[in-house]
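All chains, please: the whole structure from these sequences, using the hints.
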Amino acid sequence: MALAHLQNRIIPTIELMKACREYGGYVVSEDGSIKGLIYRPFVAYIAERFSLQAEVKEHTSIEEIYDLLDQGYVYIASVHPSIRNPEVTPPKQGGHLVYVFGKDEQRREIIFHNPSGDSQQTQENDHLSLEDFARYYAKRGILIRKDYSPCIAEQGE
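The C-terminal position of the sequence shown is numbered 157 in the working numbering, with every residue numbered one higher than the one before it.
Think of the hints as simulated: they come from the structure by calculation, not from any bench. There could be a bad hint or two in this list.
[Unchecked claim] Subject to a maximum C-alpha distance of 20 Å in a straight line, what follows is the list of computed SDA-like cross-link-like pairs (lysine to any residue):
id: 1; residue 1: Lys146; residue 2: Leu69
id: 2; residue 1: Lys103; residue 2: Tyr73
id: 3; residue 1: Lys18; residue 2: Gly32
id: 4; residue 1: Lys57; residue 2: His80
id: 5; residue 1: Lys146; residue 2: Leu16
id: 6; residue 1: Lys57; residue 2: Tyr39
id: 7; residue 1: Lys139; residue 2: Val43
id: 8; residue 1: Lys57; residue 2: Tyr26
id: 9; residue 1: Lys139; residue 2: Leu97
id: 10; residue 1: Lys35; residue 2: Tyr23
id: 11; residue 1: Lys146; residue 2: Val43
id: 12; residue 1: Lys146; residue 2: Leu68
id: 13; residue 1: Lys146; residue 2: Asp70
id: 14; residue 1: Lys92; residue 2: His80
id: 15; residue 1: Lys57; residue 2: Tyr99
id: 16; residue 1: Lys139; residue 2: His113
id: 17; residue 1: Lys139; residue 2: His96
id: 18; residue 1: Lys103; residue 2: His113
id: 19; residue 1: Lys35; residue 2: His80
id: 20; residue 1: Lys92; residue 2: His59
id: 21; residue 1: Lys57; residue 2: Tyr73
id: 22; residue 1: Lys146; residue 2: Asn125
id: 23; residue 1: Lys146; residue 2: Glu55
id: 24; residue 1: Lys139; residue 2: Tyr99
id: 25; residue 1: Lys35; residue 2: Ser116
id: 26; residue 1: Lys18; residue 2: Leu97
id: 27; residue 1: Lys103; residue 2: Leu6
id: 28; residue 1: Lys139; residue 2: Asp67
id: 29; residue 1: Lys139; residue 2: Leu68
id: 30; residue 1: Lys103; residue 2: Thr122
id: 31; residue 1: Lys18; residue 2: Ala4
id: 32; residue 1: Lys18; residue 2: Ser51
id: 33; residue 1: Lys139; residue 2: Gly102
id: 34; residue 1: Lys35; residue 2: Ala19
id: 35; residue 1: Lys103; residue 2: Arg145
id: 36; residue 1: Lys92; residue 2: Leu130
id: 37; residue 1: Lys139; residue 2: Thr60
id: 38; residue 1: Lys103; residue 2: Asn125
The structure is reproduced here in C-alpha coordinates:
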(Lines of atoms letter the chains of each structure in order from A and count residues from 1; the text may use other names and numbers.)
(Lines give C-alpha, C1' and ligand atoms only; values in the text may rest on other atoms or scores of the structure.)
Protein backbone atom coordinates (compact mmCIF):
# COMPACT_ATOMS: atom_id res chain seq x y z
CA MET A 1 0.00 0.00 0.00
CA ALA A 2 2.72 2.45 0.91
CA LEU A 3 4.65 1.88 -2.32
CA ALA A 4 1.51 2.24 -4.42
CA HIS A 5 0.60 5.45 -2.60
CA LEU A 6 4.04 7.04 -2.34
CA GLN A 7 5.81 5.89 -5.49
CA ASN A 8 3.03 4.56 -7.72
CA ARG A 9 4.65 1.08 -7.61
CA ILE A 10 2.56 -2.06 -7.58
CA ILE A 11 4.69 -5.00 -6.45
CA PRO A 12 3.10 -8.32 -5.45
CA THR A 13 3.03 -8.71 -1.67
CA ILE A 14 4.76 -12.09 -1.79
CA GLU A 15 7.72 -10.56 -3.67
CA LEU A 16 8.00 -7.78 -1.10
CA MET A 17 7.82 -10.26 1.76
CA LYS A 18 10.58 -12.44 0.28
CA ALA A 19 12.87 -9.45 -0.26
CA CYS A 20 12.12 -8.10 3.21
CA ARG A 21 13.04 -11.51 4.71
CA GLU A 22 16.56 -11.06 3.33
CA TYR A 23 16.87 -7.98 5.57
CA GLY A 24 15.44 -9.78 8.60
CA GLY A 25 12.14 -7.92 8.35
CA TYR A 26 10.20 -11.18 8.42
CA VAL A 27 11.35 -14.26 10.31
CA VAL A 28 9.96 -17.70 9.50
CA SER A 29 9.93 -20.10 12.45
CA GLU A 30 10.80 -23.79 12.19
CA ASP A 31 7.09 -24.61 12.18
CA GLY A 32 6.60 -22.35 9.14
CA SER A 33 4.80 -19.59 10.98
CA ILE A 34 5.86 -16.01 10.36
CA LYS A 35 6.59 -13.69 13.23
CA GLY A 36 5.04 -10.32 12.38
CA LEU A 37 6.95 -7.53 10.68
CA ILE A 38 10.24 -6.73 12.43
CA TYR A 39 10.33 -2.94 12.29
CA ARG A 40 14.00 -1.94 12.28
CA PRO A 41 15.09 -4.32 9.50
CA PHE A 42 12.01 -3.25 7.53
CA VAL A 43 13.06 0.40 7.84
CA ALA A 44 16.53 -0.52 6.50
CA TYR A 45 14.91 -2.48 3.65
CA ILE A 46 12.66 0.35 2.44
CA ALA A 47 15.50 2.87 2.75
CA GLU A 48 17.89 0.80 0.65
CA ARG A 49 15.45 -0.63 -1.88
CA PHE A 50 13.01 2.26 -2.29
CA SER A 51 14.85 5.36 -0.98
CA LEU A 52 12.20 5.95 1.67
CA GLN A 53 13.09 7.67 4.93
CA ALA A 54 11.40 6.00 7.86
CA GLU A 55 11.76 5.60 11.60
CA VAL A 56 10.40 3.25 14.21
CA LYS A 57 8.06 4.96 16.66
CA GLU A 58 7.41 3.48 20.10
CA HIS A 59 5.35 4.82 22.99
CA THR A 60 3.84 7.32 20.55
CA SER A 61 0.29 8.60 20.99
CA ILE A 62 -2.10 8.67 18.07
CA GLU A 63 -2.45 12.42 18.65
CA GLU A 64 1.27 12.85 17.90
CA ILE A 65 0.91 10.84 14.69
CA TYR A 66 -2.24 12.79 13.77
CA ASP A 67 -0.24 16.03 13.99
CA LEU A 68 2.47 14.63 11.66
CA LEU A 69 0.08 13.54 8.90
CA ASP A 70 -0.12 16.99 7.33
CA GLN A 71 3.63 17.53 7.71
CA GLY A 72 4.69 15.10 4.99
CA TYR A 73 4.33 11.74 6.76
CA VAL A 74 2.33 8.53 6.55
CA TYR A 75 2.31 5.83 9.22
CA ILE A 76 2.13 2.07 9.47
CA ALA A 77 0.34 1.56 12.79
CA SER A 78 0.16 -1.52 14.98
CA VAL A 79 -3.48 -2.09 15.90
CA HIS A 80 -5.64 -4.98 17.02
CA PRO A 81 -7.18 -6.83 14.03
CA SER A 82 -10.70 -6.23 15.34
CA ILE A 83 -10.35 -2.59 14.22
CA ARG A 84 -12.56 -3.59 11.27
CA ASN A 85 -15.47 -3.74 13.75
CA PRO A 86 -15.29 -0.51 15.79
CA GLU A 87 -18.24 -1.53 17.95
CA VAL A 88 -16.14 -4.43 19.30
CA THR A 89 -13.93 -3.83 22.33
CA PRO A 90 -10.49 -5.24 21.48
CA PRO A 91 -9.03 -7.75 23.96
CA LYS A 92 -5.63 -6.07 23.57
CA GLN A 93 -3.84 -3.54 21.39
CA GLY A 94 -1.59 -4.39 18.45
CA GLY A 95 -0.95 -7.51 16.41
CA HIS A 96 -2.00 -6.17 13.00
CA LEU A 97 -0.81 -3.35 10.73
CA VAL A 98 -2.82 -0.64 8.99
CA TYR A 99 -1.65 2.14 6.68
CA VAL A 100 -2.52 5.59 8.06
CA PHE A 101 -2.33 8.26 5.37
CA GLY A 102 -4.76 11.04 6.17
CA LYS A 103 -6.97 12.83 8.61
CA ASP A 104 -10.24 14.71 8.77
CA GLU A 105 -9.58 17.77 10.90
CA GLN A 106 -13.23 18.77 11.27
CA ARG A 107 -14.18 15.36 12.66
CA ARG A 108 -10.76 14.64 14.29
CA GLU A 109 -10.54 11.31 12.52
CA ILE A 110 -7.70 9.14 11.24
CA ILE A 111 -8.06 7.83 7.66
CA PHE A 112 -6.43 4.49 6.90
CA HIS A 113 -6.32 1.39 4.70
CA ASN A 114 -6.76 -1.99 6.37
CA PRO A 115 -5.67 -4.91 4.15
CA SER A 116 -7.73 -7.39 6.18
CA GLY A 117 -10.95 -5.42 6.34
CA ASP A 118 -13.99 -7.60 5.69
CA SER A 119 -15.56 -5.21 3.15
CA GLN A 120 -14.36 -2.48 0.84
CA GLN A 121 -15.62 0.04 3.40
CA THR A 122 -13.32 -1.40 6.07
CA GLN A 123 -10.39 -1.97 3.68
CA GLU A 124 -10.02 1.36 1.88
CA ASN A 125 -10.28 4.89 3.21
CA ASP A 126 -11.68 3.73 6.52
CA HIS A 127 -11.84 6.31 9.27
CA LEU A 128 -12.13 6.38 13.04
CA SER A 129 -12.08 9.11 15.64
CA LEU A 130 -8.80 9.48 17.50
CA GLU A 131 -10.46 8.09 20.61
CA ASP A 132 -11.76 4.98 18.83
CA PHE A 133 -8.49 4.39 16.97
CA ALA A 134 -6.58 4.63 20.27
CA ARG A 135 -8.54 1.65 21.66
CA TYR A 136 -6.87 -0.61 19.05
CA TYR A 137 -3.55 1.18 18.68
CA ALA A 138 -0.45 -0.25 20.41
CA LYS A 139 1.42 3.10 20.38
CA ARG A 140 4.02 1.79 17.95
CA GLY A 141 4.59 1.72 14.24
CA ILE A 142 6.68 3.04 11.38
CA LEU A 143 6.65 6.70 10.39
CA ILE A 144 7.51 7.25 6.70
CA ARG A 145 8.38 10.54 5.05
CA LYS A 146 6.15 10.66 1.98
CA ASP A 147 7.90 13.32 -0.07
CA TYR A 148 11.43 11.95 0.20
CA SER A 149 13.42 11.66 -2.99
CA PRO A 150 17.04 10.54 -3.28
CA CYS A 151 19.69 13.18 -3.77
CA ILE A 152 21.33 13.59 -7.17
CA ALA A 153 24.44 11.65 -6.08
CA GLU A 154 22.29 8.66 -5.09
CA GLN A 155 20.41 8.73 -8.41
CA GLY A 156 23.68 8.35 -10.32
CA GLU A 157 24.57 5.08 -8.61
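For each hint, the structure was consulted:
no.	hint	result
1	Lys146 / Leu69	holds (10 Å)
2	Lys103 / Tyr73	holds (12 Å)
3	Lys18 / Gly32	holds (14 Å)
4	Lys57 / His80	holds (17 Å)
5	Lys146 / Leu16	holds (19 Å)
6	Lys57 / Tyr39	holds (9 Å)
7	Lys139 / Val43	holds (17 Å)
8	Lys57 / Tyr26	holds (18 Å)
9	Lys139 / Leu97	holds (12 Å)
10	Lys35 / Tyr23	holds (14 Å)
11	Lys146 / Val43	holds (14 Å)
12	Lys146 / Leu68	holds (11 Å)
13	Lys146 / Asp70	holds (10 Å)
14	Lys92 / His80	holds (7 Å)
15	Lys57 / Tyr99	holds (14 Å)
16	Lys139 / His113	holds (18 Å)
17	Lys139 / His96	holds (12 Å)
18	Lys103 / His113	holds (12 Å)
19	Lys35 / His80	holds (15 Å)
20	Lys92 / His59	holds (15 Å)
21	Lys57 / Tyr73	holds (13 Å)
22	Lys146 / Asn125	holds (17 Å)
23	Lys146 / Glu55	holds (12 Å)
24	Lys139 / Tyr99	holds (14 Å)
25	Lys35 / Ser116	holds (17 Å)
26	Lys18 / Leu97	holds (18 Å)
27	Lys103 / Leu6	holds (17 Å)
28	Lys139 / Asp67	holds (15 Å)
29	Lys139 / Leu68	holds (14 Å)
30	Lys103 / Thr122	holds (16 Å)
31	Lys18 / Ala4	holds (18 Å)
32	Lys18 / Ser51	holds (18 Å)
33	Lys139 / Gly102	holds (17 Å)
34	Lys35 / Ala19	holds (15 Å)
35	Lys103 / Arg145	holds (16 Å)
36	Lys92 / Leu130	holds (17 Å)
37	Lys139 / Thr60	holds (5 Å)
38	Lys103 / Asn125	holds (10 Å)
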